[in-house]
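Peer 1: Sequence:
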Amino acid sequence: MMLTMVKKEYVLKTIDPAQVPDTKDKPKRALIVVLGTMLGGILSVLIVLIRYFSRKDK
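Counting the sequence shown from 1 gives a position; this note's numbering is that position plus 286.
For the record, the hints were derived by calculation from the structure and aren't laboratory data. All residues carry an ideal CB built from backbone N, CA and C; glycine is no exception. It is possible that some hints are incorrect.
Distance ranges between label pairs, derived from CB positions [what the hints assert, rightly or not]:
#1 Leu325 to Gln305: 46 to 52 Å
#2 Ile318 to Phe339: 28 to 34 Å
#3 Val334 to Ala304: 48 to 54 Å
#4 Pro307 to Arg341: 30 to 36 Å
#5 Gly326 to Leu298: 56 to 62 Å
Build out the structure end to end from the sequences listed, making use of the hints.
Peer 2: Below, the structure written as structure tokens:
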């Protein structure tokens with residue numbers, strides 16, 4: 287109890303104080319959604335075409 291009265295940081299010591307970031311950098315959500323949709327569409331069309339042309343009974 288005496289240590290809590292004497293030292294403010296008696297258990298943990300702050301090495302570096304917290305700092306506010308200079309700029310906010312975030313991913314562009316709209317770009318990710320559009321690219322994901324396009325990539326998914328192209329991939330699904332390719333899978334359908336490959337399965338269609340790889341049939342044995344024509």
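Peer 1: May I ask you to test the hint 28 to 34 Å on the CB atoms belonging to Ile318 and Phe339?
Peer 2: holds, 32 Å
Peer 1: Please test the hint of 48 to 54 Å on the beta carbon pair from Val334 and Ala304.
Peer 2: holds, 52 Å
Peer 1: Between Leu325 and Gln305, does the beta-carbon spacing fit 46 to 52 Å?
Peer 2: violated, 37 Å
Peer 1: Just tell me: holds or violated, for the beta carbon distance of Pro307 and Arg341 against 30 to 36 Å?
Peer 2: The hinted range 30 to 36 Å is violated for Pro307 and Arg341, with Cβ atoms some 56 Å apart.
Peer 1: Between Gly326 and Leu298, does the C-beta distance stay in 56 to 62 Å?
Peer 2: Between Gly326 and Leu298, where Cβ atoms are some 47 Å apart, the hint is violated.
Going down the numbered hints, you'll see the structure goes against 1, 4 and 5, while the others check out.
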